[in-house]
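Undergrad: In case you want the letters, here they are:
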Amino acid sequence: MNAVPLSWYLILSAVLFSLGVAGFLVRRNIITVFMSIELMLNAVNLSFVTFSYQFKQADGHIFTFFVMVVAAAEAAVGLAIILALVRTRRTLEVDEVNLLKF
Amino acid sequence: MLHLWLIPAFPLAGFLLNGLFGRRAPKLFVNLVGVGSVALSFLWVLNTLAALGPLETPHIERYFTWIQSGELRIGFDLVADRLSAVMMLVVTGVGLLIHVYSIGYMAHESGYYRFFAYLNLFMFFMLLLVMAGNFLLLFVGWEGVGLCSYLLIGFWFLKKSAADAGKKAFIVNRIGDFGFSLAIYLIVAHFGTLDFDPVFAAVRERPLETDAGLLTLVALLLLVGATGKSAQVPLYVWLPDAMEGPTPVSALIHAATMVTAGVYMTARCAPIYLQAPIALEAVAWVGAFTAFFAATIGLAQHDIKKVFAYSTISQLGYMFLGAGVGAFSAGIYHLVTHAFFKALLFLGAGSVIHALGGEQDLRRMGGLRKQAPVTFWTLLCAAVAIAGVPPFSGFHSKDAILLAAHHHSPALYWIGVVTAALTAFYVFRALFLAFFGDYRGDPHHHPHESPPVMTVPLMALAALSLAGGYFGVPAWLEPMFPVSEPAHDVALVVVSVIAGLAGIATAWWFYVARPGLADRVAAQLGGLYQLVYNKYFVDEIYGAAVVRPVVEGSEKLAWRTLDVSVIDGMVNGLGARAQSLGDVLRRIQSGNVRSYAAWVLFGAVLVVVAFGFWGGWQ
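These protein sequence lines map, in sequence, to chains W and G. Going left to right, the first sequence walks through residues 29 to 130 as our numbering numbers them. Going left to right, the second sequence walks through residues 6 to 623 as our numbering numbers them.
To be clear, the hints were calculated from the coordinates, so they are not data collected in a lab. Owing to the predicted nature of the structure, the values given are computational and were not obtained by experimental measurement. C-beta atoms are modelled at their ideal positions from N, C-alpha and C, and glycine is treated no differently. Errors might be hidden in some of the hints.
Computed beta-carbon distance windows for the label pairs [as the list claims (entries may be wrong)]:
{"#": "1", "chain 1": "W", "residue 1": "93", "chain 2": "G", "residue 2": "589", "range": "36 to 46 Å"}
{"#": "2", "chain 1": "G", "residue 1": "593", "chain 2": "W", "residue 2": "59", "range": "33 to 43 Å"}
{"#": "3", "chain 1": "W", "residue 1": "50", "chain 2": "G", "residue 2": "589", "range": "26 to 36 Å"}
{"#": "4", "chain 1": "G", "residue 1": "587", "chain 2": "W", "residue 2": "83", "range": "46 to 56 Å"}
{"#": "5", "chain 1": "W", "residue 1": "35", "chain 2": "G", "residue 2": "619", "range": "22 to 32 Å"}
{"#": "6", "chain 1": "G", "residue 1": "589", "chain 2": "W", "residue 2": "43", "range": "32 to 42 Å"}
{"#": "7", "chain 1": "W", "residue 1": "119", "chain 2": "G", "residue 2": "589", "range": "29 to 39 Å"}
{"#": "8", "chain 1": "W", "residue 1": "107", "chain 2": "G", "residue 2": "616", "range": "54 to 64 Å"}
{"#": "9", "chain 1": "W", "residue 1": "57", "chain 2": "G", "residue 2": "587", "range": "40 to 50 Å"}
{"#": "10", "chain 1": "G", "residue 1": "591", "chain 2": "W", "residue 2": "99", "range": "52 to 62 Å"}
{"#": "11", "chain 1": "G", "residue 1": "579", "chain 2": "W", "residue 2": "110", "range": "11 to 21 Å"}
{"#": "12", "chain 1": "W", "residue 1": "57", "chain 2": "G", "residue 2": "593", "range": "32 to 42 Å"}
{"#": "13", "chain 1": "W", "residue 1": "35", "chain 2": "G", "residue 2": "612", "range": "20 to 30 Å"}
Some residues of chain W that are not near chain G, with every Cβ distance over 12 Å (derived) [stated by the list, open to error]:
{"#": "14", "residue": "38"}
{"#": "15", "residue": "64"}
{"#": "16", "residue": "65"}
{"#": "17", "residue": "89"}
{"#": "18", "residue": "95"}
{"#": "19", "residue": "98"}
{"#": "20", "residue": "123"}
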C-alpha cells in the first residue's frame with residue numbers, strides 16, 4: 029500500500045474531475061451531462077479519502093459520506109427533472125432546452 | 006380649579022361624535038349633539054363666570070407642559086380674564102343661537118352631520134383662541150378657525166366657485182399668518198417666553214430706547230396677521246368670496262366671531278401696541294381706510310350677502326380704528342355689538358334667501374314685508390343698530406370709537422362719520438329693496454316666512470341688538486386697558502347721529518319714495534359707479550400683479566424648466582442608463598445550460614487563480 033505515493037491518487041482524482049468537467053461542458057445528452065456531474069463528485073470523494081488516509085483523520089471519510097448523501101438526493105431530483113423533460117419535450121438534448129432566457 | 010377646559014371640550018366632543026357617527030345617526034342625534042354641546046359650553050361659561058365673580062385678577066389654569074425646550078416652556082394654559090370673558094360669552098352665546106338657527110336653515114341639505122361637525126370644531130378652536138394663555142396656543146386656535154372657515158366656505162364643494170372661495174380664503178390668510186408667526190418667533194427670541202403676562206410685563210419694563218424698533222416690528226407683524234384674519238386692507242379680498250358658504254357660516258364665522266379674532270388679538274397685545282405708537286397709528290389708519298373703502302363698495306352690490314360682507318369688513322375697520330386710537334375697550338365693545346347685529350343681519354338675509362328658495366339678488370326681491378314679517382322686523386332692529394340710531398347698541402359702541410378717534414385726530418373722526426352715513430345708506434338700501442315695493446322675483450314662487458326654529462334666534466338677536474348698548478362692556482374692560490377716555494362731547498355725537506339718519510333718509514328717498522332714481526344717479530355717475538360696482542378692480546389687480554406671475558412662474562420655471570427638464574431629466578436619465586446596461590447584461594441569461602456551466606467553470610477557475618495570487622487561507 030505504501031508503494032503507491034499520495035500524488036498518484038491526487039492525480040487520478042484530478043484526471044477524473046477534469047473528465048467530468050469536459051463531459052459536462054461538451055456533451056449534449058442530458059444523461060451524459062448528469063453522469064459527468066457524478067464523476068466530478070466522485071473525483072472529489074477520492075481526494076477526501078486520500079487526504080483522510082494520509083493524515084490519519086476521520087474528517088475526510090465523514091465528508092465523503094456527506095457527498096454521497098447529497099449525490100443520492102441530487103440523483104433523485106435530477107432524474108425526476110429528466111423524466112419530466114422527456115415527457116414534455118420528447119428530447120434529451122440540453123441545447124434544445126433553452127426557453128428560460130432573456 | 007374651575008375646569009375651564011370643559012368650555013372648549015364640549016364642542017370638541019360634539020365634533021367627534023357627529024364627525025364619527027353622524028352619517029348614520031338620525032337627525033335628532035345630530036341636532037342634540039351639535040346644538041347641545043354648544044349649549045353646555047355656554048352654560049359652563051355662565052357657571053364659570055358666576056363662580057369667578059368680578060375677575061379683578063386673571064384666573065389662569067395650567068394643565069400640562071406642552072413644549073419644553075431648554076429655558077422655553079410652553080404650557081397648555083387657559084386664562085379667564087375680563088377680555089376673554091367677554092369673548093367667551095359672545096362666542097358661545099351668539100354661536101348657540103346660530104347653531105339653533107342652522108337646524109332650520111340646513112334642514113334640507115345633504116351633509117347635515119358634516120355641517121354641524123365642522124361648526125362644532127370651529128367653536129372648539131374659537132374658544133381655544135380666546136382662552137389661550139400664551140401666543141402659541143392662541144396661534145393654534147387661530148389656525149384651527151382658519152381651517153374650519155376653509156371647510157365651511159367650501160361646504161358645497163361640488164360647486165367650483167365655493168371650492169375656489171375656500172382656497173382663496175385659506176391662501177390669503179396664509180399671508181397674514183406668516184406675519185403673525187414671524188411676530189411669535191421674534192417674541193420667543195427676545196423674551197424667551199410666550200406666556201402673555203411675562204411678555205407684557207417685560208414689554209412694560211424694558212427701556213424704550215433700545216426696544217422701540219423691535220416692539221414696532223413685532224406690532225406691525227401682528228397687524229399683518231390681524232389684517233389677514235380680520236379682512237382688512239390689503240388682505241380683505243377673501244371675505245366677500247367667503248359668502249359662498251352656507252349663511253349660518255357667514256353669520257357665525259365671517260361676521261360675529263372668527264373675523265373679529267384680529268381685533269381680539271390686537272386688544273390682547275395692547276401692552277405691545279402701547280409701546281409702539283407708530284404701529285398703533287398704522288392700525289388706526291388701516292382700520293379707518295378699510296371702513297371707508299369697504300363701505301363704498303357695499304353701496305353698489307346686488308347680492309344681499311355681499312352687501313353685508315362688505316359691511317362686515319367696514320365694521321371691522323371701525324374696530325381697528327378704535328383699537329388704533331388707543332380705545333381698545335371701545336373696539337371690543339363694537340366687536341360685541343357688531344356680533345349681535347351683524348349675525349342678525351346675516352341670519353335675516355338667510356331667512357330671506359330661504360323664503361325665496363335660494364335667491365340672493367336684491368334686484369329680484371321686494372315686498373317681503375308682508376310675507377316674512379318676523380324677518381322684516383328683526384332685520385329692522387339690526388339695521389337701526391348698525392346705523393347708529395340712538396339708543397340702540399351700534400350707537401353706543403360706534404360713538405365710543407368715534408369720540409376716541411376725534412380725541413386722537415379729527416381726520417379719523419370725519420372718515421368715521423362719512424362711513425357711518427354710508428353704512429346707514431347701504432344697510433337700509435338692502436332692507437328697502439328686499440322688503441318694500443313690489444315683488445320682482447319669479448312670479449310662480451310664493452315667499453314664505455321661515456319656521457320658528459329660525460325666527461326665534463332672530464328675535465333673540467334682535468333683542469340683543471337693541472339692548473346691547475346697556476351691557477356695560479367698556480366699564481367692565483376699563484381696568485384691562487388703562488387709557489384715558491375722552492370727555493363725552495355732545496356735538497360730536499350729534500354729528501354722527503345726523504350722518505346715520507341722513508344715510509337712512511337718502512336710502513328711503515332713493516329706494517322707496519322715488520324708485521328708479523338710484524339707477525339714474527348710477528347712470529350719471531358712470532365711471533365712478535362702475536369703479537365701485539366692480540369693487541375698485543382690486544381682485545383683478547391682485548390677479549394681474551400676484552396670482553398670474555406666481556401661476557405662470559410656477560408653470561414655466563418651476564414646472565416646465567426645473568421639474569420637467571432637470572428633475573425628471575435626472576430621474577429618467579438614470580432609469581434609461583440602467584435599462585441600457587441591463588440590455589447588455591441580460592445576454593448572459595442565454596437559456597443554454599452548457600453556457601451556464603461554462604460560467605460556473607470560469608468562476609471556479611477565477612477563484613482558484615485568485616487563491617494562487619493572494620495565497621489562500623493560512
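Undergrad: Each hint: holds or not?
TA: Going through the hints against the structure:
Between residue 93 of chain W and residue 589 of chain G the C-beta distance comes to about 45 Å, which sits within the given range of 36 to 46 Å. Distance hint check for residue 593 of chain G and residue 59 of chain W: the Cβ-Cβ separation is about 27 Å, which falls outside the suggested range of 33 to 43 Å. Roughly 30 Å separates the CB atoms of residue 50 of chain W and residue 589 of chain G, a value that falls within the hinted 26 to 36 Å. Against the hinted window of 46 to 56 Å, the Cβ-Cβ separation of residue 587 of chain G and residue 83 of chain W comes to about 49 Å, which satisfies the hint.
At roughly 25 Å, the beta-carbon separation of residue 35 of chain W and residue 619 of chain G lies within the given 22 to 32 Å, and the hint holds. In this structure the supplied range 32 to 42 Å holds for residue 589 of chain G paired with residue 43 of chain W, their Cβ-Cβ distance being about 38 Å. Separation of residue 119 of chain W from residue 589 of chain G is about 31 Å and conforms to the stated range, judged on CB atoms against 29 to 39 Å. At about 34 Å, the CB distance of residue 107 of chain W to residue 616 of chain G disagrees with the hint of 54 to 64 Å.
The supplied range of 40 to 50 Å is broken by residue 57 of chain W and residue 587 of chain G, whose beta-carbon atoms lie about 34 Å from each other. At about 33 Å, the beta-carbon gap between residue 591 of chain G and residue 99 of chain W misses the expected band of 52 to 62 Å. The supplied range of 11 to 21 Å is broken by residue 579 of chain G and residue 110 of chain W, whose beta-carbon atoms lie about 44 Å from each other. In this structure the supplied range 32 to 42 Å is violated for residue 57 of chain W paired with residue 593 of chain G, their Cβ-Cβ distance being about 25 Å.
Between residue 35 of chain W and residue 612 of chain G the CB atoms are about 23 Å apart, so this pair conforms to the stated range of 20 to 30 Å. Non-interface call for residue 38 of chain W relative to chain G: holds, since the shortest CB-CB distance, roughly 15 Å, exceeds 12 Å. The claim that residue 64 of chain W is not at the interface with chain G is violated, since a C-beta of that chain comes within 12 Å of its own (minimum 9 Å). A Cβ of chain G approaches the Cβ of residue 65 of chain W within 12 Å, the least distance being about 10 Å, so the stated non-interface status is violated.
With a least beta-carbon separation of about 23 Å from chain G, residue 89 of chain W lies farther than 12 Å from that chain, consistent with its non-interface assignment. With a least beta-carbon separation of about 17 Å from chain G, residue 95 of chain W lies farther than 12 Å from that chain, consistent with its non-interface assignment. With a minimum CB-CB distance of about 17 Å to chain G, residue 98 of chain W clears the 12 Å threshold, and the non-interface call stands. The Cβ of residue 123 of chain W does not lie farther than 12 Å from every Cβ of chain G; its closest approach is about 6 Å, which violates its non-interface assignment.
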